[in-house]
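Enquirer: Here's the letter readout for the chains.
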Amino acid sequence: MEILGYITLTIFIGLMLATLFGYIRTPVQTVLVLATVLCLIVGGLFRYFSSGWDAVMLLPNEFLGGIILHPITALLTGLFLAGGLKASGGFEALKVILRYLRKSPIGLVGTLVILINLPVISSLPCGRILAAALLPLLFTFSFEGGMGILTKSQVIVLIGAFTRNAMGSCGPSPIGGVGQIGEGFLGSFFATASEGILRAPQAFSLILGTAIVALFLKFISQRLYPNDVALRENPFTSGTGDREEPEITAPMEGYLALVIFVASLLTAIFQPFGKMPVQTVLVAGAVLMVIVCRVRLNNLMEGIILLPVTAMTAGFLAAGALAATGGFDALGVILNSLVGVPFLGVAGMLAIFVQFQTILPLSCARILTAALVPVLYLFGPAKFGFLDWSQLAIVMAAYIINATTSCGPSPLGGGGMMGEGTMRAETGFIKGAYTFASMAIMAPLAAIYMKFLNLSVFQPSDPAFVRDVLTIAQFALVVIVANVALVALGARFFGPDQSRNWWLQTGGFITAGGLAGGILAFALFETNPSAIVQGIVGGMIAAILIGVMVPRFLSRRLTATLSGPEL
Amino acid sequence: MLTWLMFLFVGAISGVILAWALDMNSPRELVQGAVGGLIAGLLMAAMLPH
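From first to last, the protein sequence lines stand for chains A and B. For what it's worth, this note's numbering labels the leading residue of the first sequence as 12, then goes sequentially. For what it's worth, this note's numbering labels the leading residue of the second sequence as 31, then goes sequentially.
Rather than coming from a laboratory, the hints here were simulated on the basis of the structure. Cβ coordinates follow ideal geometry from the N, Cα and C atoms, glycine included. Don't take every hint at face value.
[Claimed, not checked] Part of the chain B face toward chain A, derived, beta carbon under 8 Å:
#1 L38
#2 F39
#3 D53
#4 P57
#5 G67
[Unchecked claim] Covered by chain B, according to a simulated footprint, are these stretches of chain A (three or more residues, beta-carbon under 8 Å):
#6 109-122
#7 162-172
#8 231-238
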């Protein structure tokens, strides 16, 4: 049975890598279904020859038992409601509100900061919903978009940071978010975990990570790929526009839909009318929208974006097949063996594990999250016992934010490509910024937030869980100062040689990865020096794997693609 | 209460960094960025379970 697990795991990882590197050019969902079928066939044959028909007949039940329906239905109803918001002009109403905000004392910059963080505040089940609605609005700030209020560099930073925030906002979403997969498992110990034990650590680190993405795009990406954004500078002015701002109006139904949407979201989160599934609340909101805003059922159905739904379903299918054929047991054994490697240990292995989805970014985070969270769960008291429940929650926080942001830099139709398209950039332009922030900022800060505040919020009766906001603030400042220095000062060493610049960037990745691994180890094992060293080593190994995946050249790749033979 | 405090803190820092990254470096713009971040942090904290 153990050999079967290694075979199915090899099939799964092999197919995923082949898709990522472009050897298989079909949607990743199709590849996952193929992996599922292959694993089941191999598993069926193996069981037939080793244990007979009875064992084969048990396989479908074991496979289907691994599929968790709650996040899938929550995602569907969330998208359903967002469809109503879009159809009734709710996003237009949002644009009008933002326009008034710009004329308030917080000015343009304050409005842009709110706008960039709007996705995480609204926490929709898929970042693509808000990105599709608001990216055209952000583009209008550029010269080519009509208003010409911002320079090319400012537009790149604005669109890149907004898209980063959007493509991480599905993690803390209470309506079918990626984090709910992890919360389901943590519910084995933390009774109220499903109320959102992973939400605050994710949101906290995403807000800071978004700011670092903005800096990275300004100082590093624009220097590393200077000719890979086709946006033009405003030839008339630089900075302040001299053009008429296009008039934005919204129908009354749009405002009503926005009110119903926010009310539904708040009801789903805070449950003021007693406990009920989020799906019920969202469907009730959608029905209200149909009655009040005269939205048709078709409009609601149009809001359902199939990619995240099919991605999650395909991910669960693959996860179910791997679980039934011993693939996760094999992965657990492999990771278990890493624990015995000198200078890695448990802390080093976990420092690599939490970065796994940024190393292997797929079009939707749910695919691998559905497959790998069960493995992470096994590291806890349920099987291997590397971690106690609180440590498992800390690692889960770091893992989930890293995972949920992984659709941003994915070249396989990831959400970040929407931003790249809007800013007229080559595919891969944002990858360095997005992966750097996920690795260096978000994972360690989510762990620190979970350890020093959130555990005590969800288990207040346990005196072992401390509330120490000063420590969180200190860690946040250290991480921010270190990474701002790395980005802003590191860019000063950039020269005309693009290859040398890329190596410098990779060096920055390794340094930041080591720091992130060390902080994660501290969050888990406190001041144990060997664990911190192991965490640093693990973090550096993960950073090398992430850093070398960032493209060195973009324009040459385009030329090669267009010229044909090189392809 | 502590959750609110942390999100106001992180929002303000994020707002200042975003303003700097957007080439809006005057003291007034940095303060506006911080205020925008405070509002974002406040709204985010309001959406979280306490």
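Enquirer: Take the hints in turn and mark each one as holding or not.
Expert: Taking the hints in turn, this is what the structure says about them:
1. L38: Check failed: Cβ of L38 of chain B comes no nearer than 11 Å to chain A, outside 8 Å.
2. F39: 6 Å, holds
3. D53: 6 Å, holds
4. P57: 12 Å, violated
5. G67: With a closest approach of 5 Å, the G67 of chain B hint holds.
6. 109-122: holds (count 7)
7. 162-172: The restraint on the region 162-172 of chain A holds, since 6 of its residues have a Cβ under 8 Å from chain B and three suffice.
8. 231-238: With 0 residues closer than 8 Å to chain B, the region 231-238 of chain A misses the three-residue bar; violated.
Hints 1, 4, 8 from the list above are not met by this structure, while the remaining hints are.
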